[in-house]
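Visitor: Line order of the protein sequences matches chains A and B.
So the first sequence is residues 1 to 115, counted in the numbering used here.
So the second sequence is residues 1 to 113, counted in the numbering used here.
Where hints are given, some of them may not hold.
[As the list claims (entries may be wrong)] Just the calculated beta-carbon pair ranges, DEER-fashion: (1) A:63 with B:81: 37 to 45 Å; (2) B:40 with A:83: 21 to 29 Å; (3) A:52 with B:15: 43 to 51 Å; (4) A:73 with B:26: 29 to 37 Å; (5) B:29 with A:20: 34 to 42 Å; (6) B:53 with A:44: 24 to 32 Å; (7) A:67 with B:113: 45 to 53 Å; (8) B:45 with A:19: 21 to 29 Å; (9) A:79 with B:41: 23 to 31 Å; (10) A:14 with B:14: 44 to 52 Å; (11) B:14 with A:79: 43 to 51 Å.
Just so you know, these hints were derived from the structure itself, not from any lab.
Every residue, glycine too, gets a C-beta built ideally from N, C-alpha and C.
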Amino acid sequence: NAGVTQTPKFQVLKTGQSMTLQCAQDMNHNSMYWYRQDPGMGLRLIYYSASEGTTDKGEVPNGYNVSRLNKREFSLRLESAAPSQTSVYFCASSGVGGLGTGELFFGEGSRLTVL
Amino acid sequence: GDSVTQMEGPVTLSEEAFLTINCTYTATGYPSLFWYVQYPGEGLQLLLKATKADDKGSNKGFEATYRKETTSFHLEKGSVQVSDSAVYFCALSSSGGSYIPTFGRGTSLIVHP
Numbered sequence: 001n002a003g004v005t006q007t008p009k010f011q012v013l014k015t016g017q018s019m020t021l022q023c024a025q026d027m028n029h030n031s032m033y034w035y036r037q038d039p040g041m042g043l044r045l046i047y048y049s050a051s052e053g054t055t056d057k058g059e060v061p062n063g064y065n066v067s068r069l070n071k072r073e074f075s076l077r078l079e080s081a082a083p084s085q086t087s088v089y090f091c092a093s094s095g096v097g098g099l100g101t102g103e104l105f106f107g108e109g110s111r112l113t114v115l
Numbered sequence: 001g002d003s004v005t006q007m008e009g010p011v012t013l014s015e016e017a018f019l020t021i022n023c024t025y026t027a028t029g030y031p032s033l034f035w036y037v038q039y040p041g042e043g044l045q046l047l048l049k050a051t052k053a054d055d056k057g058s059n060k061g062f063e064a065t066y067r068k069e070t071t072s073f074h075l076e077k078g079s080v081q082v083s084d085s086a087v088y089f090c091a092l093s094s095s096g097g098s099y100i101p102t103f104g105r106g107t108s109l110i111v112h113p
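The shape of chain A in the complex, shown without the other chains:
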């Protein structure tokens, strides 16, 4: 059971570089999310996708873009990385029936360092 798979697990970027974090789930979930985790801040929602074809901003969307490529895949792009984006990023999915219908399933995280 793969669940939620994120790549890459580790990445080091220089300020101004771009990159895309990939996420895929194999549980036929409608909803997918991108969070960032910073010490003392808990989890903060960057973007979410309630269903295929829709995306919405979360709490901290500035500096990021997302694409819901299909039902399985939800990518997060940093167009011009900044040191403030150094963080651990988690992708999650939930709800065969849509938002709020149950637990979130998380990937293992992607640790990003921006120098």
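Starting from the known structure of chain A, fit chain B onto it as the hints suggest.
Guide: Using the frame of chain A, we list chain B on its own:
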């Protein structure tokens, strides 16, 4: 909007001690409440949940009761083990927040032998 407040850590206990991690919430409507656990180097995983008032969620010896009158969902375990060392997150989802899950800041638990 929805919010979750949980006690700051770290919480440091000896093995076999009793654990309580407090969690209170603010939400409109009737939220579902969750506890997630994050072991070192891993993603979060659901520990237990409750979907209506007075429900008790339980798993792996952990329990939490949905208390609507005190807007609380405190996590308890009667006898902790070293393997319970992790970060614990309280969370909710509600119609007032369009069912977008809202998380507390997490509480680190360290259990010594």
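Visitor: Please go over all the hints and tell whether each is borne out by the structure.
Guide: Verification of the hints:
{"no.": "1", "hint": "A:63 with B:81: 37 to 45 Å", "in the structure": "holds, 41 Å"}
{"no.": "2", "hint": "B:40 with A:83: 21 to 29 Å", "in the structure": "holds, 25 Å"}
{"no.": "3", "hint": "A:52 with B:15: 43 to 51 Å", "in the structure": "holds, 47 Å"}
{"no.": "4", "hint": "A:73 with B:26: 29 to 37 Å", "in the structure": "holds, 34 Å"}
{"no.": "5", "hint": "B:29 with A:20: 34 to 42 Å", "in the structure": "holds, 36 Å"}
{"no.": "6", "hint": "B:53 with A:44: 24 to 32 Å", "in the structure": "holds, 28 Å"}
{"no.": "7", "hint": "A:67 with B:113: 45 to 53 Å", "in the structure": "holds, 47 Å"}
{"no.": "8", "hint": "B:45 with A:19: 21 to 29 Å", "in the structure": "holds, 27 Å"}
{"no.": "9", "hint": "A:79 with B:41: 23 to 31 Å", "in the structure": "holds, 29 Å"}
{"no.": "10", "hint": "A:14 with B:14: 44 to 52 Å", "in the structure": "holds, 46 Å"}
{"no.": "11", "hint": "B:14 with A:79: 43 to 51 Å", "in the structure": "holds, 49 Å"}
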